[in-house]
Each structure stands twice: as C-alpha cells, then as structure tokens.
Amino acid sequence: MRYGHNPTIVGWQIDNELAEPSFDPEAHKAFHAWLQHKYGTIQNLNQKWWTSYWSQTYSDFGQIPVHDAEENPALLLNWKQFVTDTWVSYVRNQTTPIRQHALPSQFITTNTMGWFDGFDGYTLHQSLDLVGWDDYETDWTDNAARHDLARGYKNKNFWVTETDPGFVNWRPNNLAHDKGEVRALAWQAVGHGADAVEYWQWRAALNGQEQYHGVIAGADGNPAPIYAEIQTLGAEFEKAAPALQGTSPHAQVALLHDMPSRWAISFQKQVEDFNPVKALTAFYGPLRHQAGTVDVISPQQNLASYKLIVAPGLNVLPQDTAEHLLEWVRQGGHLLLGPRSGMKDAENALDPHLQPGPLAPFLGAHVSQFYGLVQPVPLSLAQTQGKGTLWAETLVPTDPTTQTEGFYGPSNGWLDGQPVAVSHQVGKGKITYLSTIPDAATLDAYIKKQVQDASTLSPLADLPADIEACLRTGTDHTVLVLINHARTPVTFTLPQAMAGTDLFDPRQAASGQITLPGYGVRVFTLPNPA
Amino acid sequence: MRYGHNPTIVGWQIDNELAEPSFDPEAHKAFHAWLQHKYGTIQNLNQKWWTSYWSQTYSDFGQIPVHDAEENPALLLNWKQFVTDTWVSYVRNQTTPIRQHALPSQFITTNTMGWFDGFDGYTLHQSLDLVGWDDYETDWTDNAARHDLARGYKNKNFWVTETDPGFVNWRPNNLAHDKGEVRALAWQAVGHGADAVEYWQWRAALNGQEQYHGVIAGADGNPAPIYAEIQTLGAEFEKAAPALQGTSPHAQVALLHDMPSRWAISFQKQVEDFNPVKALTAFYGPLRHQAGTVDVISPQQNLASYKLIVAPGLNVLPQDTAEHLLEWVRQGGHLLLGPRSGMKDAENALDPHLQPGPLAPFLGAHVSQFYGLVQPVPLSLAQTQGKGTLWAETLVPTDPTTQTEGFYGPSNGWLDGQPVAVSHQVGKGKITYLSTIPDAATLDAYIKKQVQDASTLSPLADLPADIEACLRTGTDHTVLVLINHARTPVTFTLPQAMAGTDLFDPRQAASGQITLPGYGVRVFTLPNPA
Amino acid sequence: MRYGHNPTIVGWQIDNELAEPSFDPEAHKAFHAWLQHKYGTIQNLNQKWWTSYWSQTYSDFGQIPVHDAEENPALLLNWKQFVTDTWVSYVRNQTTPIRQHALPSQFITTNTMGWFDGFDGYTLHQSLDLVGWDDYETDWTDNAARHDLARGYKNKNFWVTETDPGFVNWRPNNLAHDKGEVRALAWQAVGHGADAVEYWQWRAALNGQEQYHGVIAGADGNPAPIYAEIQTLGAEFEKAAPALQGTSPHAQVALLHDMPSRWAISFQKQVEDFNPVKALTAFYGPLRHQAGTVDVISPQQNLASYKLIVAPGLNVLPQDTAEHLLEWVRQGGHLLLGPRSGMKDAENALDPHLQPGPLAPFLGAHVSQFYGLVQPVPLSLAQTQGKGTLWAETLVPTDPTTQTEGFYGPSNGWLDGQPVAVSHQVGKGKITYLSTIPDAATLDAYIKKQVQDASTLSPLADLPADIEACLRTGTDHTVLVLINHARTPVTFTLPQAMAGTDLFDPRQAASGQITLPGYGVRVFTLPNPA
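Protein chains in written order, with the working numbering: chain G, 46 to 575; chain X, 46 to 575; chain P, 46 to 575.
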C-alpha cells in the first residue's frame, strides 16, 4: 500500500531462496489431505503405488509416512509434487495482496537457486512475472546451463538477483575469482538473457555471519580492490543498454529438464556417481559448442520453434508427455533420448512397455536390460572408439526399419556387440535412443552429427574451448558477446557471416582473426542473420 | 493349520532376515532381567565386570545402560548374548505352533545373512531344521567361505534361500554379474552343499522399492536376458539331481569361527583395518586352496573328524572351550592359533595367564606384548621373506621343548629378531601360535606347510587361482564340480586320481588337461576316494 | 580434612581432563545471565553484535540461542568465554575447600589436554598452582610446542600428569612407540620444563574400557616389555635430579597463542584446511630450530624478557592488547604478525581500520583484501623462490617509510606483483606483517632472517632435523638435554660454546663431534652462558 503506486519501484522480490520443506505434524496432515484430494480413495492409492508389495497396504490416508528417501518411489515422487504445490500456495499468499496494490508495470519475482531440486521450478514460476536467480556458480559451462535454465522457466529474459563480487563464505573452500573474471561472468549472464546483474554484498556489515563474504566496499567503507572492475562493468552496461534493449537469445535446439525424472533418478541412482544434473550438462556442453544457443526447458513446454531436442534422462515419461513429443516429431523434429529414458509413468511405476515406455512402439525398439557401470565399457560410435560411462542398456529392435548406430565392445558379456543407439523415422521426424553416456570426446562427435543432421549447426560452432559466443537477437539487429573464460589470451577466427561493429570501440576489427586477452570480453552489433 | 498337513509343502520359512535389535525401554527391562538371572546378585556382576575401575559400580540391575559400542567390554559381550537369546525366543514363538500342526517331513528354516554379526548363528540354528541363507556376495572366495559357514551351523547341507539373478539395488553401486557368472555361482553353491538355489526376484513389481533389482522376467512379463541362463541351469540341476542325492562335502580341516571372539575384537579393534572376518578369510583362502573342503565351525562343535584346525582370532577362550580343544589335540589334532587368540575369558576380561590364556601352559609360551600395525613389518617364515600385517605379538617361550618358527626383521625395536610363531607337542598332537597375519604369499607358504604336516593335502591342491574344485561325497560315489570363476578360459591338469565321468557330456575327457571357458562349469561323477 | 595436613601429600589434582560444556536448559539460563551481566541492556548487545543484519535483533536475553558453530560470530565468541568462566567457577568450587584444609606447601593442579580449545587455559590456570597436562602426542615437534604451551600458562615448570607407556587404545589406530622412544620423550618433557612425568597406566585392569591401553605391568602382574625402559629412566631421573633442581627453560623469543583468535578463525575458516594450531606450529618449528627455547604465551602476558615475538594468526586484536604490544615494540621489540592478524575486535566484529586493526597506523600499511587458497601461489621472499599456502593478502603501504619484503608471482591477478610482507619502525623496535604462510623451506629462511635481525640466534641453531637440544638454566649452571628423535644414529657437531660434562658418564666427550644412537639421549651440565 505504501510503495504499490510508486513509479520508481520497478518490481517486487518476495522472500529469499525458497528451500527446504517442513516435516512437522502440520506438513504430514497437509500431505495426507493433498493425497486424498488426488487419489480419492485409499484403495486407488494402494493400487497406483503397488503397496501390496512389501506389505505396505494402507487402510487410511493418515497412516502414510513422510520421507524424502528410501521409501516407495510413488510416495517419494508425490511428496516432491506436494512440496511444490505447497510452495506455490506460499508464493500466492504473497503475490495476491501485492497485486491488489501494485502498478501493472511492477513485476513480482523471487530469487531461486540454479539446479536446486526441492520443488518444480516450472510449476512455481507460473505464479511469478520474472525469473530471478542467485548465481554463485564457479564453472562457466555449468553457469551457462544455469542461465539457460533460468531463461527457460518462462522462455524470456531474466535477472541475476544475486552474484558475488569476488567470493563467498559458505563453501568449505571459498576461492576468489581471478581479476577480470567477475566482469566476464556478468557479460556471460547478459549474453544468456540477463537484463540485470545484482551483487551481494555491497559493504561489509561489521559483525554477523557474512564477515568473510566478498564485498564491493570494505569494512572501512572504502572501495575494495574489486570496486574498479565493477565500476567499469557499470559503465559498459550503460553504453550497451540501447543495443541490448528488446533482444534475447533464440534457440533451435532444446535440452529437456524434467523435474519428476530428476527426482526419480535421484531416489534410485543404482550407481552412486549417476547424477542427473551431470548427465544433463554432459550433453549441454557439446550441444552449445555446436548449435549455439540452447534452451533448457521442460517437456511440457511449446516445442514448435525447435529442430532438435535432446532428453538425456527423461526417466518419467507419462502418456500425455509422450504424445506432446510425438506430435512435434511427426512435424519434422529430431528427438534424441539418453539412457534411463521412458522407464516410469506419472506414478513413478515401471512402464510395462519397457523403455522408452510409450515411445517404444515409435522407436521400433526397446531396452531389454540396463546395467549400472563403475568401470566404463568400450564402444564405437560416430567414427570414434570410446567408452560408455555410468550406465549402459541393451536395445532390442522390434521393427525392420529401425537403424542401429555403433556397438559395444567386449565387457560383461551382456553388452558385447550390442548396438549403442537406435533410431527410427516417425512422420517427418525421427526418434533416436542412445543407451549410455559416452565419454566427452565421443559425445562431442555424436552430438555434432545430431546437430548437423537436424541442420542446426551454428556459424560459431567449434570455437576454442575457452571462448564463449552469445547471441541476443531483436527485431532489427543482433548483439554478439564474445568472452574468453581463460586466464591467458586466446586467438581465433570470427567468420565473415558474423561480422559486425564493436560496441565500445568501433575502430577495432569485428571479424577475421580476433585475440581476446585473459577474461577479455567484446560486444558487437550485427545485422540479424538471414 | 491350513498347510500343515499338505504334503506338497516341503517346509516353512519363518520371517525374513532377522537383523537389528531393539533399544527401547522394554528391551532394557528384558536385558536387566536376563542379567539378574545370569549373575544372581549385582555384587557378582560388579566383580566379573571390574566395575570398580572408572567408578562404574552398580547398586541395582536397573541402572545398567544399554549400548552396543564404547562401553565396558563385559557389558557389550553380554548384550550380544542377550540379543541372541531374545532372537531364539522369537524364533521359538513361531516354530512351536508350526510344529504342532506340521508334518514330520516339513522342515522349518529362516533366511540368514552370511557374516552378519547381530546374533550367534550357532545358537540360533539349534532351534531350526535347515540352514537357509541369502547370498548376495560378489567375491567368489568370500562366497565359498559363506557357503561353508552356512553348512557349518548344523554340519549338513543347506539352502540358498535368496540370490540375485544378475544384480541388486541396495548397494551404493549395483553392478551386474557377467554373462555366465550367475550359473557359475549357482554351481558353486551346490558344490559347497546347497540343495536348493532360489532367486529373488522372479518378476518386477511395477512399483515399490525394488524396481531396480535384478529380475528373471521383466516389467513386461517376458523373459529378461538372464532368463535363458537360469533356464539352462534348471535343466542341469534336473539332470544332476540323482547324482547329487545323498552327497555332501566332507572336510579334514576346519576354520574356527567364534562369535564371542568376533564381537570382542570388533568392540576393541585397536587398529581400524583389523576386521575379524577378513582375518578369517585371509586364512580360509589358502586353506581351501591346499586342503580342499573346509568346514567353518564353532569351537564348541564336535572336532573328531578333523586333522587340522585353524583359529585365526580366537580372542575369547574360556576354560571349557580350551579343554574341548585340548582333548582333540591330545588325540593327534594340529591346532593353529592366529594372533589375538586366547586373550579374554567368557566375561571378556583379560586372562591373567596372558595369551593364549588357558592354552599358554600347553603351548609352552605366551604373548608378552601385542602391537597393532598400520605399516606391515618384515618377517621371514616358511622359507619366505614377507611381511606381517595389522597385528604382531612378541612370544616368550616358557618350555625348553617349545619350537620357534621364523623371525621378525627390524621395525619398531620390540619385534626385531623375535619369533613369528611357536609350536609345542601336546599328547599326540600339537599347538602352534602364529603372532601376525602374514602377507598373502607368505601365508600361502605357511598354510601349505601346516596342511602337509597334518597330512591333509588335497589331490586337487594348487589348481590355478580362478579355478575352484568342489567335492560332494555320498555312500557310493563322489561328485566333482569344477568352476572357472574368471571371464577368460583357463587350462589346467586334473590328476588321474580324480578321473571320472562328465555328467552332462560323457564323451568329454574328465581327467588330464582340461580347458574351462570363462565362467565354465563341469560336473563329474567319480568313485569315492580310497 | 583427612589428607590436608599430611606432609607426604605433595599436592592435589582435581577432576580429570575438563572437556565438553553442557548445552542443557540450565546452561542456557546461565549464559543469558552472564550476557546480561556483561552487556547490561539487550540494546547494547544488539548493537555490539550487529543483530540488525539478518533480522537477528533480540528483545530479551532469554531469546538468545546457544550454538557453538554457524551462528553470529559475536555469539560464538561470547559462548566460549562464558564456558571458560563456568569452568573457572567449577574449579574454584573445588580449590576453595581444599585450600581451607591444605598445607601451604601442597599445590593444586588438574590435567589439561594440549591444544584442546574448549576453554581459555590462560584464564583457567590463574586459579591453579601448577600446570599439569596429559601428553599423548605422537609427533615430537608438536609435542615440543605443547610442552612450551603448558610451561607458558604460568611461565614456570609444569608436570606431565599422564603419558602412555607405549601406546593408547582410543585412537582409530593405536600404534606403539618404538623401543627407546618412551625414554626419549620423557627426557624431552624434562628438557622443556617438566618436573615430573607420570605414566598411565601402571597395571592392566582385567576388565573395563582400557584393556588395550599400554601398561608397565601386564595382566599377569609381571613387568611388560617396556618395564625395563622405564626403570632405566627412573634411575636416570634420580641421578639427574640435583642438577635439574632449580632450573627451567628461558626464552628470548615468544610465539603468541591467543584463544579468542583461534576460536574466531575456527568459527570462520574460509578454507577448510586452515587450522589455526597448524598455523602456529608452522612458525614454531623454524623458530625453535633457530632461536632455541620458545615461549608459547598469550599476548596479555609480560613481554619484557623477549626480543622477538611472532604472532602467526592474531585474528582478534582489541585496542588494549594492541597497546600492550606497542609498548613492548617501542622499547625495541620485534613483532612479526602473520596472516589474518588484527581483523577483529573484542566482540569478534570487523575492525574498520582494516587489518591489522589498531596496529595498522603503526605498521604504515593495511590489508586491502584477503584470499583463501587451496592451490599455493608463487612468491619470492628471503632470497627464496617459494609458495604461499592457504591464505594470502594484498598489503597497501600508507607511509613512505614502510618497507616491503618479497613479492607474489603471477596467480589470480589480484596478488600478482604485490608485496608479501611489509615492516615499519616503531620507536626502537619494529612491526612486520607477513601476509601468507610460506612453504616450509621459505618460512625457514624467513624466520632465520627474523631471528638474526633480533639478535636471538641460538648457539645450537641449525642442528640436524631429528636432533633436539633443550636448555634448562638455573642460578649457577645450565643443563643441556640432547635427544635423537630418529630410529637411526645421527652425528653432529656440538659447538665449543656449549661444552659441558656428561651427567651420566663424565668420561664421554661433551663437545665436538657427537653421535647419538636411535632415540639416544645425553644430558650435560655446563656453565651458564655469558
């Protein structure tokens, strides 16, 4: 009521880093009510959860325990969905009164936390206007994926609501960013669609838990060494703002990030190093390297703009999601499924079609058996002799037109000589199933082939490993941000097709051979690609 | 009452994997009553437990706490014995009503868990007819020892009540058995005396905690890849059944497995890598390799049929057990004691005779000091320059006829030049005390010497490391099971003395040079050895 | 009352190893009362603790929680000080009645535990007459520092109230001392100022938790192997007693050990391997190697006798402590501050002077930013090319007469080319600030330079690494204890200036080339140095 009509207030951030759920008696009661609403009768729940196995049959919703690990997989998945719905209700308790008093121009956001898996961010962000996230990541490729994750929640630009001016204090080891790296990472955020980068914290509080957290102004109130770097950045942002206005990244390829699938795998990893986020980022890296901009989205989103979709671990694949994907494939889409895909239905129950569940008839093949791996197994794929890591599956073609790709070398006997991947035409598109996570070099080669097949190779493909190119496109021009994420200078060739004008120094060459110093950044404007 | 007189019911399995005890107030009360029954007065308990040390004196049984670690060693050992008695009472609560209604031909069993140390299996199995155990072991030598452990509880054939068709889901890393390995392990079970091998689980339940556990039939109800292997096995078992009927393994050597000793060492390990089961299996391997069939038994069992008994860590050695062993030694038995033997009495108190306690006067030597080791120490034993690992003791001969064997090289000064083992004639037999766990090569050489001295060398000694030979003997013939536990083929010579007939293909050679493919199994019948 | 006037009682040891505090409701109440007494009003506490940050403001002392980690740094430091005061009160509850009945000649002591940080030992020992400590340390250099710590509490000789005759039983791995090492360590204790060495335990109790602890007499009541070594030691002590009488170590250099600083760093380590005790001992080793006797004292103690004081991590540096140090510096003292010094005030709040806080104006420099390190960074210091480990800071000189020493090589950009240390004249003395913990070789070189600059180089500097020389000085003579802490013999030259007479065998050479056998000890008497 006090600030709602104040035009200098651009928006509202509610709460701080929604995180852990409660396990108290009230939460138990709410869970039971939520289950009763969902299943109607306890008999229905018993049937869906297969509680007759291990004598788990309930006669009353009130008997159902609350656990977040080592329980019936159906219970565990429902618990996560209940927690998500509870957070949504919590958010709406705050957004509803704000909207009654706020200007239509004022947005409502909160600050979420990257890959945090405590709730389904796709559901939660339906109740918010703007995605904000707290970026304390240290690896630049993973950071790229997290920015794309943030952008993907609502398929629009986002804010970095917090990031550190140098280092944090809450890790076991709190190492500083190199000189220049903070600026480079801020430009990376912008390149991926951030429209604001906010630093935590401005000046040290003299006491309290964050005395060792990075600051822009020291305990004496004077500029800390990083001040100058952030000052430069501010001036650059001011200069670049008109060019960035109205632009955002646009992708032809998408990576599917499905919370029920992540949860389901995390509940039952089978091999302890199988991390569903690492499985996603293993595919993200080569995909971005070859295809340029990548959207990280949920499988329920609109897929019309994509030519290639990669789903590294789509473990939970209900019928309706499968149909949504199939509709897109039939129109010409290329769908690449990774290992563990299509194993479970919406209740986290095994799909009797065998993997990839409802897509098995369309793939013309199914998985006959999975094998968790600690030692990698030899394989040959995409003209590369490599290794399959963490997981491997035997694929059984069920249609004469199913194509096989690559084969496993000798290991446990079961995999020896079996195909590594199979693919099958569906309408104008195709579905491919890859039964392992290949080592990095083999996966690079394989993803390059997929990207080429789907005609989504970027003109900026195959830049040196430490160079990142980000494109933001508007109605009449494109902004290209080039970043050297290494400590040392890197030289590379920018193709003529991407020739533009340097936004900060128009006299500098903006195509041909370019040298970026360590943590160097250049920003170009160029005509929109044809 | 419903199935008790049904002749198609062969027996009864009660409960599932008896495991952890309760620590609730009722358990406390029961423990106090059990102690009162055992000790009569609190003064008696105080004296036996030496509670005056550390001001632990109790004035009432109700004051005694319940802990399973870091407490008075007497309390800890009594707690384990109380838990055992409580499980016995629990089992009898089930067997008593079953026996009132069951046919005399119906056995009662339960499924125990290998080396699990929560109760004393020798005591528990007195209340059951048949030993059943759940075999989820992955190392074949340890698996061999566990089969012999199961057989030893009642000195008769047993059942494998559960084993996995490929892999399990409850380990941090759940790796699959190689193709052929499941069949090889089933034959190993039979070779060690199993009369049945049952698989968990037959077909995947679509939901519930074991979705990732190995199955014979998949979620679609059709055969999983392992089905064919188990089908072959079933056909082989059917064919072999008449030959196996009435046969079982018979041993001339025994390994003593004493639960009070295991518990006592586990309570007070002194060096963290000292694992009493690993100490047992360190001796089991070479013993089986040289002597063939090994019985794993408790020191209270009938010893008459053995020529050599090895007790690697007989830490708790009460007077009556010592006398039982001495009686057997005097008749010609060779007893080899390992380090930490004979340190404690039945109350887990130090024996003032010093190690090996009541046997010290008969050994003609005692241990003057023990040394826990992290770094192995050099030694010379059985013509081998090797190392002593984990534990070493200085032995002081007290009789001129005591023989010393080997000596320690230079290390901590205390051990330098001291004897590694001593032995002494007792009646027609002898007692030997070995004061360390030698490295594998030295232990092999030393055990071979012991086996030869006791005239128990097997005609199948010294087969290649991956080849296992199991003998089951009946009244009129012997069955020999030969197994290659390696992935790759192994060739070896089967001595003429073991020549027989191949049970599945009588045209194949059953002596002389034999090549077994990876995980290959051959089963022969032969005349009983003379 | 029974023993108070018994002249054969030399003193009283109260309690055993004061250790962990209570967190029960009574402790909460006592903490609240203690805070109220200290701060007067809750507003005052809120202001000092900066509770407005993170919405921690309290309206009542009763709301303040009790934690010993991950809380407001002011709360954490106050908790430790409250616990110290509570232990002091506990000790006085025992000393007051004893003193009412004891002879004036009877001392009161307790047995403390080396670096244990549960309370402030400098405060506690004000209520006791004699320092006693339980020495179960295994590294001889760390043991040396702990003896000096014990001596420093009251700046006088102390007792080793417990040490093991060979080994203990409460570590994960309980390894034995080598033959001869127990004697060598007892002489080390004496060399550092111990006037008694007491062994735990004499004879094994037959039951109870310490069955595996080292003993002098075994379970049979007869001498254990170590008995003879301790018997020899006893005879030596008897012979040496007259010479040792009235002597004690005297130091020209001191190492500051400040409990508030240790606590403050431990609460907020920033890099997990930063251990404030290891930071102290990193400096202790080269300091003792070059300067001989080192006092380990609190910064509040009398400093008049020192020429050089090293404060490796004086993190909490209130104004009054700074003035105490400055007064000594002005008289000619050399003060060497290590990294993390002078960051906090008495409330554990950041000092707005920036590091080293109240000393910054006198140093003519301050720290502009700290960097926690996992990877060491290159540096050049004291003519040595080395590495900075764990921590590095950028130093900004603020006075033209400030001298810089050494510089960092290229690493994170921020440190590149910055000075490693700065120093500044203050009155007749100087303050030096070293901004990292150099690797061992560089720190050796740097400390040697400091020791030389302060004219405190020992005539026994630079002895071989395993040889320790301890000096105890009395009014008319000095006792020199030479110890070889290695297993093997070491030969070295004892300078003529230290020539004396061998206390046990006066015919042996006591200067020039000396060979000590493994764990060898020699004790000389010599005239007091000029």
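One or more of the hints may lead you astray.
Identical chains share a label here; the pair holds if one copy fits it or two copies do between them.
[What the hints assert, rightly or not] The calculated DMTMM-like cross-link candidates involving lysine to aspartate or glutamate, where the alpha carbons are at most 20 Å apart (straight line), are:
id: 1; residue 1: Lys314; residue 2: Glu255
id: 2; residue 1: Lys323; residue 2: Glu71
id: 3; residue 1: Lys93; residue 2: Asp265
id: 4; residue 1: Lys432; residue 2: Asp223
id: 5; residue 1: Lys93; residue 2: Glu255
id: 6; residue 1: Lys494; residue 2: Glu317
id: 7; residue 1: Lys74; residue 2: Asp130
The set of hints was computed from the structure by calculation and includes no laboratory data.
The structure presented is a predicted model; accordingly, all values stated were derived computationally and were not measured.
Next on the checklist: Treating 20 Å as the Cα threshold, decide for lysine 93 and glutamate 255: within, between, both or neither.
Outcome noted: between (48 Å within a copy, 15 Å between copies)
Item to check | Identical-chain pair category, lysine 432 with aspartate 223, by Cα at 20 Å | outcome: So lysine 432 and aspartate 223 pass the 20 Å test across copies only (18 Å; inside, 35 Å).
Checklist entry - Given a CA cutoff of 20 Å, do lysine 93 and aspartate 265 count as a within-copy pair, a between-copy pair, both, or neither? => result Cα proximity of lysine 93 and aspartate 265: across copies only (17 Å, versus 62 Å in one copy).
Next on the checklist: With identical chains, the pair lysine 323 and glutamate 71 could be close in the same copy or across copies; at 20 Å between alpha carbons, which is it: within, between, both, or neither?
Outcome noted: Classified as neither: same-chain Cα gap 35 Å, cross-chain 48 Å, threshold 20 Å.
Next on the checklist: Treating 20 Å as the Cα threshold, decide for lysine 494 and glutamate 317: within, between, both or neither.
Outcome noted: This pair counts as neither: shortest intra-copy Cα distance 30 Å, inter-copy 44 Å.
Checklist entry - Between copies, within a copy, both or neither: which fits lysine 314 and glutamate 255 at Cα up to 20 Å? => result between (35 Å within a copy, 12 Å between copies)
Checklist entry - Are the CA atoms of lysine 74 and aspartate 130 at most 20 Å apart within a copy, between copies, both, or neither? => result Within. Shortest intra-copy distance 14 Å satisfies the 20 Å Cα cut-off; inter-copy 41 Å does not.
Hints 2, 6 from the list above are not met by this structure, while the remaining hints are.
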